[in-house]
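A.B. asks: Residues in the sequence shown are numbered from 1 upward in steps of one, following the working numbering.
Just so you know, these hints were derived from the structure itself, not from any lab. Don't take each hint at face value.
Said to hold, decoys possible - Below 25 angstroms or equal to it, Euclidean Cα-Cα: the simulated DMTMM-like pairs (lysine to aspartate or glutamate) are:
{"id": "1", "residue 1": "K186", "residue 2": "E151"}
{"id": "2", "residue 1": "K366", "residue 2": "D168"}
{"id": "3", "residue 1": "K408", "residue 2": "E98"}
{"id": "4", "residue 1": "K13", "residue 2": "E98"}
{"id": "5", "residue 1": "K162", "residue 2": "E151"}
To be verified - Restraint ranges, calculated between C-beta atoms of paired labels, are given here:
{"id": "6", "residue 1": "H382", "residue 2": "D353", "range": "29 to 35 angstroms"}
{"id": "7", "residue 1": "R260", "residue 2": "T213", "range": "23 to 29 angstroms"}
{"id": "8", "residue 1": "K111", "residue 2": "P134", "range": "17 to 23 angstroms"}
{"id": "9", "residue 1": "K92", "residue 2": "D207", "range": "52 to 58 angstroms"}
{"id": "10", "residue 1": "E151", "residue 2": "L239", "range": "32 to 38 angstroms"}
{"id": "11", "residue 1": "E48", "residue 2": "R260", "range": "50 to 56 angstroms"}
{"id": "12", "residue 1": "S331", "residue 2": "H179", "range": "22 to 28 angstroms"}
{"id": "13", "residue 1": "E241", "residue 2": "D207", "range": "21 to 27 angstroms"}
{"id": "14", "residue 1": "L407", "residue 2": "K92", "range": "44 to 50 angstroms"}
{"id": "15", "residue 1": "A45", "residue 2": "K270", "range": "25 to 31 angstroms"}
{"id": "16", "residue 1": "D353", "residue 2": "E151", "range": "36 to 42 angstroms"}
{"id": "17", "residue 1": "L239", "residue 2": "D353", "range": "40 to 46 angstroms"}
{"id": "18", "residue 1": "D207", "residue 2": "A28", "range": "54 to 60 angstroms"}
The structure displayed is predicted, hence computed values, not measured ones. Glycine residues also receive a C-beta, built at the ideal position from the N, C-alpha and C atoms.
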Amino acid sequence: MRILHCLSQIPGKTGSGVYLQSIVREAAENQIEQAIVCGLPQEMAVAETNLAVNCDKIFATRFENDALPFPVAGMSDVMPYPSTRFSTFDKKRLDLYEQAFTKTLQTAVTKFSPSLIHSHHLWILSALSRGIFPEIPLVISVHGTELRQLELAPQLADKIIKNLKRTDKVMVLNHDQRHKVIAEYKFAPEQVVVTGTGYRQDLFCRDYCAKETRPTIIYAGKLSRAKGVIWLIKAFSNLDENAELWLAGSGAGPEADEIRSLAAANPRIKLLGALSQIELAERFRRAHIMALPSLYEGLPLVLLEALACDCRVIVTDLPGIRELVTEEAISEGLVSCITKPPLTGPDTLQRRDEKTFVEDIEEALKTQLKRVEEQQFICCHHLQKTLDETGWHNVFQRVRTVYEEVLKD
């Protein structure tokens, strides 16, 4: 079995990038030969991708040069590094993008001769892979952001959907996402399977002695409006409690600048910057509450990671979240779900809805801080079962089953 993985952006910097790193690592431990196609800035070394393959097996499409004179295009409109939005793609930019990735794909296939292509996101690179190599089995992992890009970059959607029809298998994160993917991309139901997501059980685990003396809330993710960070800061700043808020993550552009400015005005808020998986696990073990008031998510790995480190969780009640954290954890009070506010545009709230959203986050913070103060201990058997089943080893076994099924056909 020879697998060519394809990701159009930088591995390891976002949820899909961590997913790729993890699947590659598990496959390497299973002695599966692999190569990777990815998108990188011109000056970034391939070794910085932290992928468990030799550097000569990484085929990078380079951005910020004469061929592609713009930053890496990101599947989210705000990325943790300088990026280009797909909504800005006109025909000229799309042609340059497709030409560059076509060349990289052809080089990778010629040199590596894959038996199967595993691409990430139902988007341009996956559609190219299908179009150029119809004879090579193709499986695609969905991460949720492609569904958002269908709305944000509708000028690209029709061509992508048409070219992806002949995908062999599509792997999704949860059942709600499966229904949406079938509806939006017009796949046959048997083409789409739930394989889920995972976390590193060797890193993200309990250490009761590590918790901070001061009640500590942590956010982990991109510094963007879509993640709800601005409203989290406002809600936290309304609290009288002697608590601290850690913001782990990075971002580029005016949204990230606004968040950093708001955070800098409050001495109880610490900006941690981008953290490695090892550093993030250490922070989760020290924190008491993980807050993720996102307006949009695929299936956030950080929820599993935080819960595994014995953090209480505050999260927006988005599709797939309850399936992930379990109804038991919500009813027992380990997880607080906040109602998603109505949006008037991408990541835009009306003033009255913004006020209600901040109040809801503030109330959830107060409730969970009180539970921390009272040292409430909860054992959620269904959640523990979920955590046991969502280590990357188990996720990879489900992915491998899909590989074998497609290759058998």
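A.B. asks: Go through the numbered hints given earlier and state which of them the structure violates, listing their numbers in rising order.
C.D. replies: 2, 3, 11, 14, 16, 17 and 18
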